[in-house]
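Enquirer: Read off the chains here:
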Amino acid sequence: MKKHSITTERMNTYSDEELFGILTDAANAEAAFAELYRRYGHRMYAYCVRVLGDVRQAEDVFQEAMLKFFRSGQEGTQVQNVGGYLMQTVRNLCLNRKRDTKITFSFEDYDVHVPSSSAAYEAGELAKLVASALELLDDEYREAVILREYDGFSYQDIAAITQTSEVNARTRVFRGKQQLRAILQPYFKDLLKHQ
Amino acid sequence: MNYTERIYDFLDGMLDTAEEAELLRLAADNAEIRDELRHAITLQTAFKADVRALTPPPALTQRIFSHVSAQRIPSAQSQSASVHAPSGVTTNTPLTAFVSSLITAIVLLSLNNAVSNKAINNEQSPNTTQTIIAAKSAFPLAYLRIAPANHNFERRNLVSNNAVKGNLPANNEHITSIGAALENVLASTDSSAANHSDAINSASTLAFSTPDTTISTQINDDFRQNAQSEYLQREDSPQARIQEPFEPITPPEKPEESFFGRIQVHARRIVSTSLPSMDFPSNPASFLRNTAIGALWKLSDHHAIGIELSEETYLQRFRARLSEGSPMLDIVQNPSLLWGGLAYRYTFFPDKAFSPFLHSVLGGTELGANGRVMLGLTYSPDERTQFQIGVESSALLYFHQNVLYASPKLGFTYGVSLRL
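Note that the protein sequences, when read in sequence, are chains A and B. Number 15 in numbering that gives the first Met the number 0 belongs to position 16 of the first sequence; there are no gaps in the numbering. Number 357 in numbering that gives the first Met the number 0 belongs to position 358 of the second sequence; there are no gaps in the numbering.
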């Protein structure tokens, strides 16, 4: 029996779990994947870049994760929390990549903050500064902050993803932010003194 | 919870109205808390800006979707060749489908900018949606390029039907309005309680009751522009500094875990029995009897080394002559012995709340060498505290009249560790 294509308008109204289920329907799999990609691609990509600290590696891992996710959907894998499942897939691949690759850190690789003459301390520049500071955090703190602030996960979800307790997840986010604040203190002081 | 934690909760929208009002009142009275708030808001703003900047490159998206197209299961290939045209007519010929999609995609791409500008602040046109349906079948990338224009609209839908587990979209709006509210409070120069109360009330009304982010965003933009222009006029602003000889900013240094931060002290109770078991009196012992104390220094997440000290009885059974020529006697004694040694611990899952561990100690007593191995489970309710329980096996090795003897013990242990 021929299956009918589902309109994009309807795709928008489907929950993540319904969309993931549609991946088994070949006629609509691509559209369902496109919708899931639109919902989560941005956040997962941001996670890869900030956790791995290397854009090329992040692109590789992101692509591998999204395709793995698509294949899982096509194979009819049962998933309760699609966002969490995708995050776990991305995270595992990132951890594998980090384990397999000795990443050498050099400040020259990063666009460390240098105020430009045209628009000093704009939000974009501050963002770059924060991104560089993130690199200096311990892995567990950095990941917790990224999951919270970049991916918008609740403490409960962070605990599930990182396989720790909710209290620990909360503590890691808090300490990560505290360390970031300590690292950025001189810049904040300079920036905020005149606001 | 200290006020720093409360500030983060405030920005996350996790405080109730009374707690929020209390925090704002504190901020109005205390410059340190105000600074803390401003730092936290700046940090949040930077996070948001960084997230916005990190978008998968179009080439990467295209690559992924070309793989996805290639990976569709074979039975689907013939079905997926059918493409929905805007009118709803289905075309089955690949060539027709391609031409139809190409034309639609060109129309779509020409509409892209117009739609982006029009829909950026909310509503989408039904016609546009139809166009997207037609184009995406053959051109997923084009579909994805359109999609962000409807982002705001759809994000609200996602939040309302709990499709997104996190609360990032809600936070974005919340933080924006909180920022505006906060600045209103901080801007109140009259520090009398009545005026503070008015300022807080109006700020709360603005921040917590009004979903209209246009207003608060505008306030924030004005504030930022004013602050920025004021900043740029300063003598030591980057604008001014750029005229001076260039001085690169020194990269911040990574904060290292302190020496003492790696130390974990512990105390544990040992409940064990000698093998074979025998109820035999012992000499008086110190307070350390069956209580081990120690300290471990974390080498890495998994490995730690340290020292441990305790006192235990070891049942000794050996044969000896009291003097030359005297008969051989079977001697049994149960001395309480102080022992100490070097400890090593391997934690299997250091990041998890519950983790198995292996603990061993090699040391000695006044009578001979002493060693022990413990296999147990730790529970870490927070970063500093750790409870542990496990089974332990130990042995005392000693020589008497040139014969080597061993006194084994088996039992369990439980205790607590604290990280400095």
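I should point out that these hints are in silico values taken from the structure, not numbers from a laboratory. Some clues are possibly wrong.
Said to hold, decoys possible - Below, a list of computed lysine-lysine pairs in the DSS-like style, where the Cα atoms sit at most 27 angstroms apart: (1) A:Lys97 / A:Lys127; (2) A:Lys127 / B:Lys408; (3) A:Lys67 / A:Lys97; (4) B:Lys408 / B:Lys351; (5) A:Lys127 / B:Lys297; (6) B:Lys351 / A:Lys188; (7) B:Lys408 / A:Lys97; (8) A:Lys67 / A:Lys127; (9) A:Lys188 / B:Lys297.
Said to hold, decoys possible - Covered, in the sense of this in silico footprint (three residues per stretch, anywhere, with C-beta under 8 angstroms from a C-beta of chain A), are these stretches of chain B: (10) 33-42; (11) 57-68; (12) 277-287; (13) 325-336; (14) 380-387.
Said to hold, decoys possible - Under 10 angstroms between C-beta atoms, here's a sample of chain B residues computed to sit facing chain A: (15) Asp28; (16) Phe46; (17) Lys47; (18) Val50; (19) Ala52; (20) Leu53; (21) Thr54; (22) Lys297; (23) Glu365; (24) Gly367; (25) Gly370.
Even glycine gets a Cβ: it sits at the ideal position worked out from N, Cα and C.
Enquirer: Give a verdict on every hint.
Expert: Tested hints:
At roughly 22 angstroms between alpha-carbon atoms, lysine 97 of chain A and lysine 127 of chain A fall within 27 angstroms of each other, so this suggested pair holds. Using a Cα cut-off of 27 angstroms, the hinted pair lysine 127 of chain A and lysine 408 of chain B is violated, with the two alpha carbons roughly 60 angstroms apart. Proposed proximity of lysine 67 of chain A and lysine 97 of chain A is supported: the alpha carbons are some 18 angstroms apart, at most 27 angstroms. Straight-line distance between C-alpha atoms of lysine 408 of chain B and lysine 351 of chain B comes to about 31 angstroms, which puts the hinted pair past the 27 angstroms bound.
Taking the CA atoms of lysine 127 of chain A and lysine 297 of chain B, the gap is near 33 angstroms; set against the 27 angstroms cutoff, the hint is violated. Pair hint lysine 351 of chain B plus lysine 188 of chain A does not hold up; C-alpha atoms about 36 angstroms apart against a cutoff of 27 angstroms. Between lysine 408 of chain B and lysine 97 of chain A the CA atoms are separated by roughly 44 angstroms; this puts the pair beyond 27 angstroms, and the hint is violated. Between lysine 67 of chain A and lysine 127 of chain A the alpha-carbon distance is near 30 angstroms, which puts this suggested pair outside the 27 angstroms criterion.
For the hint pairing lysine 188 of chain A with lysine 297 of chain B, the CA-to-CA distance comes to about 35 angstroms; that exceeds 27 angstroms, so the pair is violated. Only residues whose beta carbon comes within less than 8 angstroms of a beta carbon in chain A count, and the segment 33-42 of chain B has 6; three or more means the coverage holds. With 8 residues bearing a CB less than 8 angstroms from a CB of chain A, the segment 57-68 of chain B meets the requirement of three and the coverage assertion stands. Counting residues of the segment 277-287 of chain B whose C-beta sits closer than 8 angstroms to any C-beta of chain A gives 0, which falls short of three, so the coverage hint is violated.
Under the rule that three or more residues need a Cβ within less than 8 angstroms of chain A, the assignment of the segment 325-336 of chain B is violated, with 0 such residues. With 3 residues carrying a beta carbon less than 8 angstroms from a beta carbon of chain A, the segment 380-387 of chain B meets the three-residue requirement, and the given coverage holds. A cut of 10 angstroms between beta carbons decides the hint on aspartate 28 of chain B: the least distance to chain A is about 19 angstroms, and the hint is violated. Hint status for phenylalanine 46 of chain B relative to chain A: holds, with the closest Cβ pair at about 4 angstroms, below 10 angstroms.
Hint status for lysine 47 of chain B relative to chain A: holds, with the closest Cβ pair at about 8 angstroms, below 10 angstroms. A least Cβ separation of about 5 angstroms between valine 50 of chain B and chain A falls short of the 10 angstroms threshold, and the interface hint therefore holds. Given the 10 angstroms rule on beta carbons, the hint for alanine 52 of chain B holds: about 6 angstroms separates it from the nearest Cβ of chain A. Annotation: leucine 53 of chain B was flagged as interfacial toward chain A, and the flag holds, the nearest CB pair being 4 angstroms apart, inside 10 angstroms.
Checking threonine 54 of chain B against chain A by beta carbon gives a least distance of about 6 angstroms; that is within 10 angstroms, so the hint holds. Here the hint on lysine 297 of chain B is broken, as its CB sits about 12 angstroms from the closest CB of chain A, past 10 angstroms. Taken as an interface hint, glutamate 365 of chain B does not check out: its beta carbon lies about 43 angstroms from the nearest beta carbon of chain A, beyond 10 angstroms. Because the beta carbon of glycine 367 of chain B sits about 43 angstroms from the nearest beta carbon in chain A, more than 10 angstroms, this interface hint is broken.
Evaluation of the glycine 370 of chain B hint against chain A yields a violated restraint, the C-beta minimum of about 33 angstroms exceeding 10 angstroms.
Of the numbered hints stated above, those contradicted by the structure are hints 2, 4, 5, 6, 7, 8, 9, 12, 13, 15, 22, 23, 24 and 25, listed in ascending order.
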